[in-house]
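Dock chain V against chain C, hints included.
Residue numbers (my numbering), protein chains in the order written: chain C, 1 to 124; chain V, 1001 to 1113.
Any given hint could turn out to be false.
To be verified - Restraint ranges, calculated between C-beta atoms of paired labels, are given here:
#1 C:Ala92 / V:Gln1112: 35 to 43 angstroms
#2 C:Glu122 / V:Ser1043: 15 to 23 angstroms
#3 C:Arg5 / V:His1009: 16 to 24 angstroms
The hints are simulated quantities; they were obtained by calculation from the structure and are not laboratory data.
Nothing here was measured: the structure is a model prediction, and the numbers come from that model.
Heads up, the beta-carbon is just placed ideally off N, CA and C, and yes, glycines get one too.
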Amino acid sequence: MPHNRPISPHLQIYRLPLTGLISISHRLTGVLLSIGLMGLVFILWQITLGEARFTQMQVALHTFPLRVLTVGFVYALLFHLCHGVRHLIWDAGHTFSREKLTLYALTELLISAGLTVFIAKELM
Amino acid sequence: MKNLLDKRHLAHFHWLQQRLSALFLLPLSYWLFMFTERCLHASYGDMLTWLHLPINKYGLIAWFLLVCYHGALGMQVVFEDYVSRPRQRIASWSANLFFTGIALCAVFFLIQS
Chain C
1 MPHNRPISPH LQIYRLPLTG LISISHRLTG VLLSIGLMGL VFILWQITLG
51 EARFTQMQVA LHTFPLRVLT VGFVYALLFH LCHGVRHLIW DAGHTFSREK
101 LTLYALTELL ISAGLTVFIA KELM
Chain V
1001 MKNLLDKRHL AHFHWLQQRL SALFLLPLSY WLFMFTERCL HASYGDMLTW
1051 LHLPINKYGL IAWFLLVCYH GALGMQVVFE DYVSRPRQRI ASWSANLFFT
1101 GIALCAVFFL IQS
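Isolated chain V (complex conformation):
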């Protein structure tokens, strides 16, 4: 019974994290669109000037970190629904590794630029 309650709390926590990360991602998407627009049209100098403004740099860093977190949570749900039990753990670990790698690379390149 205690085990079941723990699992219920875990599921509720997972749901809450997914919703909260989604809520924070809504306003942060602004930086993604601004970044995409500059990738397409800005000169290299303008791009660097934009990226060096702390509000833009940290806005993008926050977007990448949260999107990776949100993605990892989402992939876990997909695997739980569509992947059979013995392979679920490997799939979840691979996804977590993928999102951690993406987040680390993005933060590293944003700090480097």
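Just chain C, same shape as in the assembly:
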């Protein structure tokens, strides 16, 4: 295979439509969630270390910065999930017209934000 395969549009030059912005955010949230997995593994490790470490971690999780991070993680996950469902709808061959693209992009944003508020209220 030749080494001059084209790469994706340069984001500094190309002005992305809403669907494009959501698409790149989908990738970005995927990368951020992957990094967040380390936090989840750290929590599992603390659980294996006993009650004192678990309680210490629980206290830390209730501090403001970690609460923000937790809600951020939940939002990133729900946004990624909603756009993932959109990909499945696209794969089935639906919602490709220009009007529907923007409408469904806004719907995705609203649903992911609504779900985040609902779940964050349950968590916090």
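Just chain V, lined up with the frame of chain C:
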């Protein structure tokens, strides 16, 4: 020509794996939210009781394994689109190593707890 067909099959298989892992992750996310909720509010005893129920333990193990698999597939696409060719392989290997490490640690700690 045969090489090109092989690559097309590989690409289709990659696409299928990504979609299937995403589909399975949808219901499995329930365990992640339940786990997060317990991390924030449950006592240590309650957390262990919840984790020792096989449905929860294996639900979380399945989530970690699939999410790592899905993540590795996704990172490969990101690297193919944004990383120049000579560095792509190193980047993919590093990502695979990262996700394998995460999956192994998660399963080990879940079995230990």
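**OP:** Output the numbers, in ascending order, of every earlier hint that fails for this structure.
**Re:** none
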